[in-house]
Structures are given as structure tokens and as C-alpha cells.
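Novice: Listed below are the residues making up each chain.
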Amino acid sequence: MPEKLMYDAIVVGAGPAGISAAIVLARGGLKVMLIERGRFAGAKNFFGGVLYTHALADVLPDYWDRKPPFERPVTEQGYWLMSPDGVVRIMHKSQHYQKEPADAYTALRSGFDSWFAQQAVSLGALLITKTTVVDAIRDEKGRVIGVRTDRPDGDIYAPIVIVSEGVNNLLTQKMGLMKADLPPRLIALSVKEYIGLPSKEIETRFNLSGAKEGLAIDIFGDATLGLPGTAFLYTDKQGISIGVGLLLEEFVQHRLKPYEVLARFKNHPVIKPYLAGGETLEYGAHLIPEFGYDRMPDLAADGVLVAGDAAGMVDALHREGTNLAMTAGRLAGETALAAHKQNDFSAGFLRAYRRDLESTFVLKDLKQYRRMTDFLDSTPHFMSTYVNYANEAALRYFSAHGLPKRDMEDNIVKMLFQRRSFFGVARDMLKLFQGMRG
Amino acid sequence: MSDKAHTPLSSEIRATLPNVNVDDLLASIKYYVDEDYAHLWIKDQAVCLQCKDKPCMAFCPVAVYRVDKQGHTMVGYQACVECGSCRVGCPYHNIGWTLPRGGNGVAYKFG
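Here the protein sequences come in this chain order: C and F. Numbering of the first sequence is given in my numbering, commencing with residue 341 and proceeding in unit increments. Numbering of the second sequence is given in my numbering, commencing with residue 481 and proceeding in unit increments.
Since the hints were made in silico from the structure, they are not lab data. Note that the coordinates shown come from a computational prediction; the quantities given were computed from them, not determined experimentally. Just to be clear, a hint being listed does not mean it is correct.
Below, in silico cross-link-like pairs of lysine-lysine (DSS-like), each with a Cα-Cα straight-line distance of 30 Å or less [to be verified]:
1) F/Lys523 / C/Lys612
2) F/Lys549 / C/Lys597
3) C/Lys514 / F/Lys549
4) F/Lys510 / C/Lys540
5) C/Lys577 / F/Lys532
6) C/Lys577 / C/Lys439
7) C/Lys407 / F/Lys510
8) F/Lys523 / C/Lys514
9) F/Lys523 / C/Lys540
10) C/Lys577 / F/Lys510
Next comes chain C alone, as it looks inside the complex:
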């Protein structure tokens, strides 16, 4: 019999949540094993891309000195409301975005996550890659006491397991923390291309003064065929991240091919010139858990804590996720440290993690936007109706055809009610308000 592999804590999945937890645990002096199924941390990770430094600084106060591989700071951001032939842009640029380190950076996850994992290793965590966790190990009372991996003699034991396995939360489900798998209306499928372009080209095309400026744009309307979803365009150092995401249910119902929706978006007359001459260096896809506050799994059980995408910690409205994951991972790590101090790994003690999260933006925001996905799903016409309307209204407003302005204004109001009845508009706005206010 080989000796049992015992650790103080096991973290499943080296993404933003898991690495944050591992950093807190290692710094707290615990023997922690961080298990990753990819060939390296970041191999399986894929996002649009914006990272927020506030959450990173809470985990790693000296992160800036450790030279994180960011792409560009976000110095201009906003929304594009896209009709089939035009766009209304609502962009914000400010000197406040020019500070260093900035509040937000575009990033590519393969590089960022492997850097982040190396910081955990430098603080004493043991990173084990190429290892898939296939199940939990429980004691006779059903408490989780370790994990089973796909390695020979791959059972590893610890009094606490932090599950940060990502959106495909098979382990969370196996542990009985989530009663049912998710329906496709509560989860988004996003596809992205990373398109290589010389820095100079990017800076000229997007009116950036140099490598210390960058753009983050969320795009609504025609980019998603008017269906519930968003598209995005972010500038990287030597490339552009461009993608489109819709509720998976939309792809299923309309039999849409994600790469065709993306190709159509790239071909839009407003988008195409930005990408001209670029080369697609990578294509990929990822699910985004948008099931929200009311359908989260149990975050704690005997010997277990859950953090990040595995627990649905995404605020889709503000394209935030990695910062929720880092904050949750950090708090999970702190709870695990406290559990070691008290030598109490019961669900009762570990529920302190959820209480801590309730007092942060993580669960406050998720609670506030708990109806957002239902709003999108139940008003599938919303994007096309109002985004197209905004474009037509803008066209009237900015055109001079010798029409008295009073008539022009009347026309703009009439145009809205040709698209949607007065009560329809009222109902949509009420639903939007409810979705925003919680």
C-alpha cells in the first residue's frame, strides 16, 4: 500500500478562483495542492477579455511588481448599439483611466493564468498539471475528505477541498451541491477570435496614443442578430479579441452556428475595416454561467467550498467574472485557514464563507441582477427593437431634409410606437428596471 497523499488543502482547478485560494492558503503556511487538468494553468481557460485589478490586488498586494502579462489598460470603454447598417456609440474616455496600474486591463488567459499560478507556486503551493479530478472521496459520514484523480494511485486527501473547476461543474454536481444541471436558457455560449495585427495598426485604427491605451467595447443589436446576447471587441497588444455570445437556448432554438454568427459580425460594415489584413491566430469557445443568485449551488458542505464559474459567479451585464472569482477564491482560502485554526471543517463552520461573500460585491451584485437572465430570455425582441430604433432615431435626428424639427421629433416618437405598442414599451421598461434593480 502506498502511503496516503495528505495535504492541508486541495484546490481543484487553476483559474482565477482556484489560484487565489491557493495563494491565500500557501501564504497562510498550509500545505496546498492545486490540481489542474490542462497541460499548464490557463490551457483550458478562455474569456473575452477584461481583468480587474482591484480583486487581484486583494489577493496579491504586490502584483504589479510581479509583472503580470496584461495586454492593454482599458482607457476607453462603452457600448455600441448596432443596426444592420450603422451604429450608435456610447463611449467613455477619461484621464482617470490613465493611471498606472489601471483599474482594468485586457488580457489573454493562457499567459495570464500561467503567470498567476506561478505566483502561487512562488509562495509555496504545489501545482500539479495534466491531472483530471474525477470524483470526491468521502468518509463513512459522507464528508468530503479528498479527491480521486485520473492518475495511477491518484487519491489525494485533505480535510478541505476548494472546488473551482469552472462552468462545467461536474464535481460540484457529483458532490450533490447542485440539484439539477442547467437549462440552456441560463447559460451563454461565447465564441471568440484572437486576430493578430501590428500594434501601430491597432493604435491608428482605434485612435490610441500608444501601448498604454486600449479599448473595451460591448456591442448589442445586429451583432447578435438582434437576439439576447452581446458581442465584444477588445484591443490587445498585438491583436484584437472579437467575439459574440448568446444564450445557448438561442443557438438551439434557431439552429444557429456560432462561427457563422461571428463571421457575420466581423463582416459588418462598421467592424470590417478594423480587422482588415488581420490574421486569426486562435478561435475558441466557452460557456458563461448566467444562472445567477437564485440557482447557485450550495457554496459549502462538510469539507468543501465552491468558488468561481462553478458556482455561477458571473455578472454578465458588466462583463465581470474573473474579479468575482478571485474575490470568492480569496475568501474561500481565508475560510479554509480559519477552519484549520479551529480544526472544524463542518458545513456549519464553512458557511462563514457564504456570509463573507454576502457582504462583498460578489453576492450583492449577483443578488441585484438575479432577474437579468430571465429578462433577456423573456424579452427576446428587446435588442433588435430598441437598438434598431436608436439607429433610426439618430439618423432622423442628425439629418436635415428641410423638415421642421417639430415634425422630425414627432416622427421619432411615432417610429417607436410603430415597432411596439405603448403598453409593450411600458412592459419592456418595467422588466428592464426590475432586472437592473433586483
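Using the hints provided, position chain F relative to the given structure of chain C.
Specialist: Same frame as chain C, now just chain F:
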């Protein structure tokens, strides 16, 4: 939550979708293929045969699912990027879905 079927897309909008050769996109993705273990499979081909819409043929972002001449669903798991869409999106939950063995599958160069 609404359970009603969505209004179909207009044929004008559908006509604006370009044809894309997905293999060109797949060429940009780095994989370590596990030749000995298919981490995806069809649980019951009979279920696929009576599935009219076959949404998996459309929504899979890397076109893992294709139909052969007999109408059977073929699973090209080698192209899978492990997103999980088919696990959640198959209306009959007829797709067996597991993670590839450690170190195998997609390895994003950029992410």
C-alpha cells in the same frame, strides 16, 4: 422563465449568415488528442435518429457532430474544446460528456 418557443428568425436575417469553413478555424487551435479515449459519445443512436432538428449539428462551436450516410451521429471528439454546450444543449441529454484525461484536449495558446 419563459418556456414558449421563440419567434423564428426571419428568412431575410438568416440569409445574411455567411457560410464558414469551420476547419479553417479549427486549424488555429492547439490540441493534444487522446487517441485511446473518446471523452464524448452518443448514448443512444436511436434517440438521434428520431431527433428532427439535430441542434447539436449547429450549436457546437467546433462542429464535433456530423451525420453519416445512415443518419447516425458521428462524434469528432478530437476537435472538442470542452465548452460543454452539448452537455447542456442536447434536448434529449443524449450526449455522454466527460473531461479528457489529464493533459489532453484543447490547450489554448492565447485564450
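Novice: Run every hint past the structure and note whether it holds.
Specialist: Here is how each hint holds up against the structure:
1. As the CA atoms of lysine 523 of chain F and lysine 612 of chain C are separated by approximately 42 Å, the hinted pair breaks the 30 Å bound.
2. Our distance criterion of 30 Å between C-alpha atoms is met by lysine 549 of chain F and lysine 597 of chain C, whose separation comes to about 22 Å.
3. Taking the CA atoms of lysine 514 of chain C and lysine 549 of chain F, the gap is near 37 Å; set against the 30 Å cutoff, the hint is violated.
4. Distance hint between lysine 510 of chain F and lysine 540 of chain C is fulfilled; the C-alpha atoms sit about 28 Å from each other, no more than 30 Å.
5. For the suggested pair lysine 577 of chain C and lysine 532 of chain F, the alpha carbons sit about 46 Å apart, so the restraint of at most 30 Å is broken.
6. This hinted pair checks out: lysine 577 of chain C and lysine 439 of chain C have alpha carbons roughly 18 Å apart, not beyond 30 Å.
7. This hinted pair checks out: lysine 407 of chain C and lysine 510 of chain F have alpha carbons roughly 26 Å apart, not beyond 30 Å.
8. Under the criterion of a C-alpha separation no larger than 30 Å, the hint pairing lysine 523 of chain F with lysine 514 of chain C is consistent with the structure, at around 19 Å.
9. Pair hint lysine 523 of chain F plus lysine 540 of chain C does not hold up; C-alpha atoms about 51 Å apart against a cutoff of 30 Å.
10. With a C-alpha separation of about 21 Å, the suggested pair lysine 577 of chain C and lysine 510 of chain F falls inside the 30 Å cut-off, and the hint holds.
The structure does not agree with the numbered hints 1, 3, 5 and 9 stated previously, though it agrees with the rest.
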